[in-house]
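K.L.:
Chains as they are written, first to last, in the working numbering: chain G, 1 to 754; chain Z, 1001 to 1304; chain F, 2001 to 2158.
Calculated from the structure, these hints are not laboratory results.
Wrong hints could be hidden among the right ones.
[Claimed, not checked] Pulled a few chain Z residues facing chain G out of the computed Cβ check, cut under 10 Å:
1. Lys1055
2. Gly1082
3. Ser1116
4. Phe1199
5. Arg1202
6. Thr1203
7. Asp1206
8. Leu1258
9. Arg1260
10. Gly1277
11. Phe1281
12. Arg1282
13. Lys1284
14. Leu1289
Cβ atoms here follow ideal geometry from the backbone N, Cα and C, with glycine treated the same way.
As a plain string of letters, each chain reads:
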Amino acid sequence: MNFDPRYSGRNFSSVGTRPIRPDGVDKVTGRARYGADFNMAGQLVGRVLRSPHAHAIIRKIDTSKAEKLAGVKAVITAKDLPDLTDGDAGMYDILDNCMARAKALYDGHAVAAVAAVDARTARQALKLIAVDYEVLPHVTDVDEAMKHTAPLINDTIFTEGLEEKPVKPSNVTKRSQFGHGDVHQGFGHADFIVERSFKTEQTHQGYIEPHACVASVSSDGTADLWVCTQGHFVYRQHCAQLLGMEASKLRVTSSEIGGGFGGKTHVWAEPVALALSRKAGRPVKLVMTRDEVFRASGPTSATSIDVKIGARKDGTITAAEATLRYTSGPYAGTWAEIGAMTAFACYKLENVKTVGYEVLVNRPKTAAYRAPSAPMAAFAVESAVDELAKEVGIDPVEFRIRNAAQEGTRSSYGPVYGPIGIGPTLEAAKNHPHMKAPLKENQGRGMACGFWFNFGGQTCTDLNIGMDGSVSLAVGTVDVGGSRASLSLVAAEELGIDYSQVKAIVADTSSLGYNDMTDGSRGTFSSSMATISAARNAIKILRERAAQMWDISVDDVAWEQGHAVAKGDNHGNLGKLSLKEIAARSGTTGGPIAGHSELVADGAGVSFATHICDIEVDPETGFTKVIRYTVVQDAGKAVHPTYVEGQYQGGAAQGIGWALNEEYIYGKDGRLQNAGFLDYRIPVCSDLPMIDTQILEIPNPNHPYGVRGVGETSIVPPLAAIANAVSNAAGVRMTHIPMSPPRILAAIEAEREG
Amino acid sequence: MRRPFITVAEICHIQGETMRYIRPLSIEDAVGQLAGSAGTAAILAGGSDLLVRMKGGFIEPDLIVDIKAIEGLSEIKETAEGFSIGAAVPCAVLGESASLKKAWPGVVEAANLIGSKQVQGRCTIVGNLCNASPAADSVPALVAAGAKALVAGPSGKRTIAVEAVPTGPGRTSLAKGEIVEAILLDKRAPRSGDAYLRFIPRTEMDIAVVSAGVNLTLDEQGVVKSARVALGAAAPTVLLVDEAAEALIGRKLDEAALERLAKVCAGACRPIDDKRGTIEFRRKVAGVLARRAATTAYARAGGK
Amino acid sequence: MAGVAVSTTINGDHVEYLCQPDETLLDVLRDRLGLTGAKEGCGTGDCGACSIILDDRLVCSCLVLGAEAEGRRIETVEGMAHGEKLHPLQQKFLEHAALQCGICTPGFLIAAKDLLAKNPDPTEEEIRFGLAGNLCRCTGYDKIVRAVQDAANVMKGA
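Construct the complete structure from the given sequences, taking the supplied hints into account.
P.N.:
In structure tokens:
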């Protein structure tokens, strides 16, 4: 395959339009099937027993009474999911997270599971399982966990990345460092220095659909898994590895997915459901309750971050430094490392240094959450940047423009940037009417920037042309928010046909080659690249068939606007053959016409955004109201602009929730106190204003249409933008996220009292 | 359209299950069933608390007594003495009663703050009262309003002040077999007004972090003649703060009176630190809300 | 334990079923009757994904017992379209891309239908407070509010 992914400017006919999505009618009529909407004949109900303790040795589990209860068909513990990970530490952690082995490591950690004829029997059976725990001291706070006096969560872990090899085990699994130049020298040249410490609490992705799957293991060693996931190929690999199956014998079908945001990127309940089905010899449906979703799945890191930035009087940043501590739950992660990479990515810096520490705590295993790790780092950095701009006496937008990275800048995490959107988003923000709108009493305006890498990865796509000229497009990246519409547009664009002639589906793992999951904002970026490639391969065949029909050389056949066109002086009278005409004859010209593509989508262009918001603070109660919100972000090329806007708005809304009210609240006993939507407060409709969007298109040179990922960056700036707005409205710098009313009121009172 | 039955054999195989659901037609029958029940019995009106507790496994009732078919329980009756709000009247219906809203706007706004539109279609003020949460929205407003509960039980009927119903978080003074049949509100004296305010971090869907209900009657000069002030989520039960009422009585709602009201309310709180707020926050905001609610109630009473 | 026999009306059709005394109407709809349009996002009345209309009242079907449906009238998302013809709200949700993942969509459609039945010309604020019992994690609500506004205009003109 000689596919050229480079950007070439073109006039689009389909891309950039806003048609109705192909899965739309099913979703507004209730017909679309999500994780919990699927059933199999003879299916059992699976339920999981979870540890009530934050940290405890599991001395013994007695399942005998549960097994004897009528209607119970299988009870499993870690013994039924033995370690087959063969030294793969990451997979071992996933296994241990699915079903605790020696120790329960957080409140909600799975310790046993049952499959029974109905939910009530399954619930009763869980009560009959006796677990003998030896409760251990626990730690949930990131800074506490780093102290040498903290309870050790895993005594086999010695901090990686230190100059000297540590002699004692630690809750810090790793230290990482990024940057260039000499920050010490840089601070020496600064006229102003801002130094601050920040904290952010742990949040959950908050997808409305709980994890759900139906597993069916057959006695011949084959199995089917229906599941809501962001990556069914990845789930297949995980499950096959953990259960000792051959990957090709496990067919995974991704259901419609009711939100993931990174939280459905690795397995939790699926290996458990498969193990239950294997033991019971019947299909098992396992659906988490909302309480389980909060206690056992998802969350992002809680963090503690120190930032120091210095600038000259003219507003040039001379040095920037940050120390970032991120929780990863009870298993090793690389979350602080990612935070350390993104922290200063928006800026052109001569001297920059970031250090990340990965910290174990007795909380659920940290999972990705939309631009994982970046929002917290941006909160700290962009808050400090705002303060520094004030000290220097330059408008905060202007200050950022002066220091913004540009094409050719060496990023703070290493690579040199190509064409990027930070400057243009800042200029657009500066010129936006929002910036000049008047503010009322107790209102404040804030702005902030954000960066995300974006990701490409392995992608495989099939494009089949039916004899009636309609096109079916089978992709392997799960559609989390409209990508079937975007990819249909891309197929229509490339083939030169109408959008209505294309039907895109997400194929199961047995029908298509491997695809990485939909994460890293890669869905539309990578699958559109593979779709273009597949379409071009199909066009090659279409041209060959046309040449055959005309009996001329294929070299004389071009493809223009959905038609084969004969070129050259000798063929002037041949006219055109439409895709439909060629397809109708395919049975006699060589058989079905299809285009396939297998590729690694490299060169996902980095993405930048600038957000502006106005917040009103009630100085007597600390209550906040979002008055106005504007998102400016580079999309490279917006394939379906409405869904791009949707990504911008959705990320902003999640960021607003994180900034103001969402947090995991643990009691002194290490138990999660707000495992429900009542007290884990995601924004409701009346909390938000309309969220204005402005799409910039700075083409990604590494994609034929210039597309960049758009899904994640929008959650990066809000924490900081809102913190800056609240700080301006309340007259006091807020350094702890979420800025809940009690925190705001306490800060206001402290300021009043001096 | 007829859908196939699932056979009884398929669904009735659970061991030792005795759970029953009944829908009595008279209050006497309901009381008799409750009084005669052997295990855990639960009254079902709107179900917005009961079903949540069942879902969480906090209660597994042997008997569920659905009171919605009992005659009269789903009605708001206006009599010479005032209003009688039946135990099965959903809070949404309170908001649709123009006369109730006119007489007791504070009670109605409190009832209409409970949960979402969806919950409003089900939840009842009697349920809100008997669930005995210190943060119940309708209760401070009812206490401020001097509302009474009509209790039916095995030994007949009695009327008690609403504040006598909850005795602590999740606990009530009701005896086995007793049902709060209705909430009674007096006919409104002229120049009266009430108001309820709660603090929540979002704009909807939250449980009150702290709340205040104020009910005032003025004389012809706009001087507060009588007052009742109640605070929610400020102590194990809703607090009726007499001293706060005293701060208002005999005065127009001047700045000094309001300041005194806020101070007294903050001082009267005995709150806790929990996932919804801190002690300091609840104290401060209790005063702020009392002050704001008093201002609204005063205006509603025609005070200027 | 005695199963409860229930006779009710769902989307205009007469339906009979047996359910357990503690079984929610949501579970009956989804697991016994195959009407999986209503979703369980929380099971505690906090997300609105299971919204249905019960005798002209918007309710969370997770907070109603299946046994309570006796003699009542139930409307679910499956009953909104008439044959091929979508309800204006369904059409406008599609046109405005008021859904991304779509899990909350049935609940929003039912809640919006109830809202417009009671208030055919709502302000933005009335829409926002009217739909505050329905959580959406994808859209930031912007396009949902616009879709409801647009549908209200269409329905007024009809």
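K.L.:
Tell me the hint numbers this structure goes against, listed in increasing order.
P.N.:
Failing hints, ascending: 2, 8, 9.
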